[in-house]
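**Q** Sequence:
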Amino acid sequence: MIFQRFLLIFVLSALFLLPFSTVKALEEGLRPAPEIATGVQATQVATGTQMMVVTAHPEATKAAYAMLDKGGNAIDAAIAAQLVLGLVEPLSSGLGGGAFALYFDVKSKKIISFDGRETAPQDAGEYLFIDQDGKPMKFFDAALGGRAVGVPGVPRLLETMHARDGALPWAVLFEPAIELSQKGFTVTPRLSKMLSEGAAKFRHDVKTKLYFFPDSVNPLEAGDTRNNLFYAQTLKNLADHGADSFYKGQMAEDIVSKVRGAVHNPGSLSVEDMAAYQVKIRNPVCGSYRGYQICSMAEPSSGGLTLLQILKLLERFDLAALGEDNPKSWHIIAEASRLAFADRNKYMADGDFVKTPAEVLLENRYIQERTYLISVDTPFQSVYAGVPSAMLEQVEQGSDIEIRPPSTTHISIVDAAGNIVSMTSSIESAFGSHLMVNGFLLNSELTDFSFQPFDKEGNPIANRVEGGKRPRSSVTPTIVFDPDGQPFMVIGSAGGSRIIGFVLQRIIAAIDWGLPIDESLEMPNILHRGEKLEVETSAMDLAEPLMEIGHAVLVGDMNSGLTAIQFVNGQIIGAADPRREGMAMGR
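Each residue of the sequence shown is one higher than the last, beginning at 69 in this note's numbering.
For the record, the hints were derived by calculation from the structure and aren't laboratory data. Note that the Cβ used here is the ideal one computed from N, Cα and C, for glycine as well. Please note that a few of the clues may not be correct.
Straight-line alpha carbon distances no greater than 20 angstroms define the calculated SDA-like cross-link-like pairs of lysine to any residue that follow [said to hold, decoys possible]:
1. LYS304 <-> ILE349
2. LYS275 <-> HIS332
3. LYS175 <-> LYS251
4. LYS316 <-> LYS175
5. LYS251 <-> TYR279
6. LYS304 <-> THR228
7. LYS277 <-> ASP322
The calculated label-pair distances, taken between Cβ atoms and stated as ranges, are [unchecked claim]:
8. VAL285 <-> PHE448: 47 to 57 angstroms
9. ARG328 <-> GLY526: 26 to 36 angstroms
10. PRO584 <-> ASN394: 11 to 21 angstroms
11. ALA389 <-> GLN436: 40 to 50 angstroms
12. GLN361 <-> GLY139: 25 to 35 angstroms
13. SER450 <-> ASP609: 25 to 35 angstroms
14. LYS423 <-> GLY291: 49 to 59 angstroms
15. ARG271 <-> GLN639: 42 to 52 angstroms
Generate coordinates for the entire structure from the input sequences, incorporating the hints supplied.
**A** Quick look at the structure:
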């Protein structure tokens, strides 16, 4: 089987850090490179019958597990994990970023979703990322410095989740991260490699650079011990005084000063923006696929809607009979993805600012109209967004097809009572804005907005910048229930707009192909975001037949960061993506 050769081929490709390459005469996509490949480890798997934690770093997994061991629940564990991740995996998430979380309350059998997405400053306008020549800025020209910093959501999100259903005292959840900040953590190969590869991006802020480059020249190396006393003090303040100490007073003033005083790209964030921040409690977006119930995050994340739309478009095809090694399976998945991404790019945004046809996109009538556009033999020459009935009387909207380089983290937890958290957290691209204040990095999430406010025809783009608005996200924290209504899978990933495809593939692998979660995480990533069919290097055998079908194929490394839990015959199985450094732990 093609996929059985994955691990060996991936190891070899990772050793040479193969960049995205062309297949035959295909062109590379004109976009910033995604997070570099930093090697591969054996898939981290744990099995239990009571509880499970999977995060992107062993220290975060241990901290979360310790909370469960103290009698805490999934929310307590997720908070402890996030606080540690902000220290040991600072390139991906932290207090200066945002997050989305799904929480399944086993008593009520209901799912609550928490929207801790960053918001644009009130003074941010639709031309925020247009340069002096009237052209969209290059990505990193926009991302570095203060211009792209939104109001962070993580501290208020964690407090809101804890107030909703936390079991342990708030301050207890901070203890592992404070202790580790004081004594120091061990620098991982991934962190060291990312610092080395991105060294030039730290040139604009001396204090930030000195934390990661202690002699101002050489980055922290794998195996080094690094403490962060400023972060420890920030955590103590939050533990003692709650999230208000972050959004008001000295901390808020420090953040605003850092953003507005940035040497490169000063931003417009204000203390009023900080004080006004709110977490939104939203209904999750849920739908069925072959009798399974899939629930994920609603807008302003496009992840859940796009995931569910793809799955519904696929239901008329017998993927189980075709199998995972058949190029036709991937062709059909790609075509469904292209249709869904066309709708995503045109319609999905912050629903508090833009009317979106969210519910209509999943209606059976609309799905039937779209799914029968798919040919099992040939790909679309071009793909356009559909026209849902809810949009017939609306002003025409433009499409946004911009693709961003990601750096994100995901936490999957089930506690002994059966409560579940699926939470994705981010500061956007690796190291966010590259501005550090009081021990944590600030996000660059405003680059998730469309840089262009209007399309070529002059139609306003739904995801354009507006003051107070939340940029469209692609995070896809997901909980899947089996046909009997029992938990079946908890999953999410890092990876920008690729997250949708990463999660989609593992749901199909489990439901259609019956693959265990550890095997599905080892599968090569294959996905389509509307531009080219992207195939991970280790699935080269599929590239040729997919090109023969007619696809433009882009082959290269795809550094997903999946963390997942699967419930199988009374057992709870946790697994972390072999492409990163995560760990599963359970009992």
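**Q** Determine for every hint whether it applies to the structure shown.
**A** Hint check:
no.	hint	in the structure
1	LYS304 <-> ILE349	violated (27 angstroms)
2	LYS275 <-> HIS332	holds (14 angstroms)
3	LYS175 <-> LYS251	violated (39 angstroms)
4	LYS316 <-> LYS175	violated (35 angstroms)
5	LYS251 <-> TYR279	holds (15 angstroms)
6	LYS304 <-> THR228	holds (18 angstroms)
7	LYS277 <-> ASP322	holds (18 angstroms)
8	VAL285 <-> PHE448: 47 to 57 angstroms	holds (51 angstroms)
9	ARG328 <-> GLY526: 26 to 36 angstroms	holds (33 angstroms)
10	PRO584 <-> ASN394: 11 to 21 angstroms	holds (20 angstroms)
11	ALA389 <-> GLN436: 40 to 50 angstroms	violated (21 angstroms)
12	GLN361 <-> GLY139: 25 to 35 angstroms	holds (30 angstroms)
13	SER450 <-> ASP609: 25 to 35 angstroms	holds (28 angstroms)
14	LYS423 <-> GLY291: 49 to 59 angstroms	holds (53 angstroms)
15	ARG271 <-> GLN639: 42 to 52 angstroms	holds (50 angstroms)
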